[in-house]
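Student: Sequence:
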Amino acid sequence: MAAIDYFISAPSEELLDQLTKEQLLSLASHYDIEIASGDKRLKESLREALKAGLAEGGILRTSALPAYQHQLVLPQMSDAVLEFRLKELAFRELELEDKEKERILKERQMHLEERRMHLEHERFLKELEFKHAALSSSSSASAQFSVARNIRLVPPFAEKNVERYFAHFERVATVSDWPIHAWTSLLQSVLVGKAQDAYASLNIEDVKDYEKVKGAILRTYELVPEAYRQRFRGLSKLDEQTYVEFAREKEISFSSWCKSQKAETKEDLRQLVLLEDFKNCLPVAVCTYLNQQEVSTLVEAAVLADKFVLTLKVNFDSDQGERRGRTGFNRSRFPTTSSTCSKPPPTVSTAFVRRSANVSTPLERTCFYCKNSGHFIADCPVLSKKQESYKPVALLKTVSNWAVDHQDQPAQKSELPGSSSFLMDGCVSLVTDPSTKQPIKIWRDSGALQSLILQELLPFSEQSKLGSSVLVQGFG
3 MAAIDYFISA PSEELLDQLT KEQLLSLASH YDIEIASGDK RLKESLREAL KAGLAEGGIL
63 RTSALPAYQH QLVLPQMSDA VLEFRLKELA FRELELEDKE KERILKERQM HLEERRMHLE
123 HERFLKELEF KHAALSSSSS ASAQFSVARN IRLVPPFAEK NVERYFAHFE RVATVSDWPI
183 HAWTSLLQSV LVGKAQDAYA SLNIEDVKDY EKVKGAILRT YELVPEAYRQ RFRGLSKLDE
243 QTYVEFAREK EISFSSWCKS QKAETKEDLR QLVLLEDFKN CLPVAVCTYL NQQEVSTLVE
303 AAVLADKFVL TLKVNFDSDQ GERRGRTGFN RSRFPTTSST CSKPPPTVST AFVRRSANVS
363 TPLERTCFYC KNSGHFIADC PVLSKKQESY KPVALLKTVS NWAVDHQDQP AQKSELPGSS
423 SFLMDGCVSL VTDPSTKQPI KIWRDSGALQ SLILQELLPF SEQSKLGSSV LVQGFG
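So in my numbering, the last spot in the sequence shown is 478, and the numbers never skip.
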């Protein structure tokens with residue numbers, strides 16, 4: 003404002019030319035000089051208009067008027083040029099504004115990126131601290147864990163139900179927060195019998211792995227998939243069990259079977275059932291081969307079964323159930339595992355099956371053995387009774403057509419009254435030496451739990467000793 007005050011005190015064109023656009027506008031406002039809106043845009047036009055106003059007011063010298071009048075006509079003659087320059091200046095101002103906005107936006111983005119990187123760095127440091135704290139706590143817990151103090155919490159080993167024992171042991175170990183590397187050390191302290199032998203047979207590296215120790219013990223007790231399947235299929239209700247308990251046992255057995263076969267999906271369960279039914283229709287040799295190969299799908303089992311049969315050159319006839327090979331082997335070499343794939347039951351004769359297919363032919367039931375009508379030879383009671391064999395009881399077994407030589411037989415003692423119906427002739431010998439056969443008198447007692455023999459009848463020795471003894475009281 004000092005330049006304006008100096009001009010007001012001593013007006014001159016030289017001082018006017020040194021003023022800025024804002025100062026010129028302030029000076030025009032001071033002298034109440036009206037400036038056109040077109041002249042306000044450019045500094046030159048504003049200065050010339052202000053000179054004209056000051057000259058008219060007598061503020062500037064009149065010597066400057068001819069020059070002003072000569073220059074005052076020029077803007078009126080080049081309005082198009084001035085308009086173009088004004089538009090150009092406006093466009094440049096817009097460009098400057100856009101550049102300024104871009105600069106501000108970039109600064110904000112850089113600030114946000116720096117902030118994000120700072121937060122990422124802090125999060126990474128926090129994660130490292132958390133992991134380090136977790137490792138420190140686990141290492142300290144492992145260092146403080148004592149096998150001797152926790153060994154009393156290990157449940158006793160149950161040989162009758164090994165699988166359920168492992169489930170119980172794992173639950174106790176999880177609840178007690180035992181480190182996994184100490185499980186085998188705790189487990190081996192309670193192992194007995196075959197489980198202890200299986201643990202001792204493992205090498206140093208395997209005894210540190212709980213899963214390997216568990217698998218070795220389960221295999222020792224024959225807890226393989228086939229054993230689980232047979233247990234599930236053969237499980238029956240006991241008299242002292244309720245139906246709820248039996249259903250629970252059935253469910254556990256089925257879950258164990260599925261778990262051993264890794265049947266987790268619906269398709270796995272479908273393949274499991276199909277494979278079991280397929281094996282039931284196979285010969286025992288083929289079924290055993292498939293079990294050894296541990297097949298898991300029906301297609302794989304069928305392919306391996308065909309390969310096995312072709313290797314042994316055996317053809318199977320599914321219509322008649324007869325299996326004959328190129329070398330003349332019949333189906334008796336490979337008996338089927340299920341009666342559903344075998345011949346008709348033996349109680350029904352083959353002749354009856356063949357003749358029953360023809361309904362129009364009258365059927366006459368005549369037995370070719372006893373010559374009686376009403377049944378066939380397969381159902382003949384006379385033949386069945388003749389071929390009936392008695393099962394051995396304790397150390398006694400019946401024999402047919404055995405001749406007893408009574409010449410060398412010692413004199414028999416007097417029989418007890420009423421015991422004649424319980425006496426019978428027989429013979430006895432050592433298993434290791436059949437030539438020691440001796441005729442004896444047998445006194446049968448249907449309620450006896452032990453069989454007794456006179457010592458002088460056979461040459462008993464250490465070789466014939468069975469290693470067991472029974473205490474007998476009141477005999478004689």
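There's no promise every hint is true.
Claimed, not checked - No more than 25 angstroms apart at the CA atoms, straight line, and that leaves these computed lysine-lysine pairs for DSS-like:
| # | residue 1 | residue 2 |
| --- | --- | --- |
| 1 | Lys89 | Lys108 |
| 2 | Lys252 | Lys239 |
| 3 | Lys162 | Lys214 |
| 4 | Lys23 | Lys128 |
As the list claims (entries may be wrong) - Have a look at the derived ranges for each label pair, beta carbon to beta carbon:
| # | residue 1 | residue 2 | range |
| --- | --- | --- | --- |
| 5 | Glu90 | Phe126 | 49 to 57 angstroms |
| 6 | Val384 | Gln198 | 52 to 60 angstroms |
| 7 | Leu137 | Asp208 | 42 to 50 angstroms |
| 8 | Leu385 | Gln198 | 32 to 40 angstroms |
Simulated from the structure, these hints should not be mistaken for laboratory data. The C-beta atom is built at its ideal place from N, Cα and C for all residues, glycine as well.
Student: Hint by hint, note whether the structure agrees.
Tutor: These are the hints, each one checked on the structure:
Our distance criterion of 25 angstroms between C-alpha atoms is broken by Lys89 and Lys108, whose separation comes to about 28 angstroms. Between Lys252 and Lys239 the CA atoms are separated by roughly 9 angstroms; this keeps the pair inside 25 angstroms, and the hint holds. At roughly 21 angstroms between alpha-carbon atoms, Lys162 and Lys214 fall within 25 angstroms of each other, so this suggested pair holds. Restraint check: the Cα-Cα separation between Lys23 and Lys128 comes to about 60 angstroms, which exceeds 25 angstroms; the hinted pair is violated.
The supplied range of 49 to 57 angstroms is met by Glu90 and Phe126, whose beta-carbon atoms lie about 53 angstroms from each other. Range check, Val384 to Gln198: Cβ separation about 58 angstroms, and the 52 to 60 angstroms hint holds. Under the hint 42 to 50 angstroms, the C-beta atoms of Leu137 and Asp208, about 27 angstroms apart, miss the expected range. The hinted window of 32 to 40 angstroms between Leu385 and Gln198 is violated, with their beta carbons roughly 55 angstroms apart.
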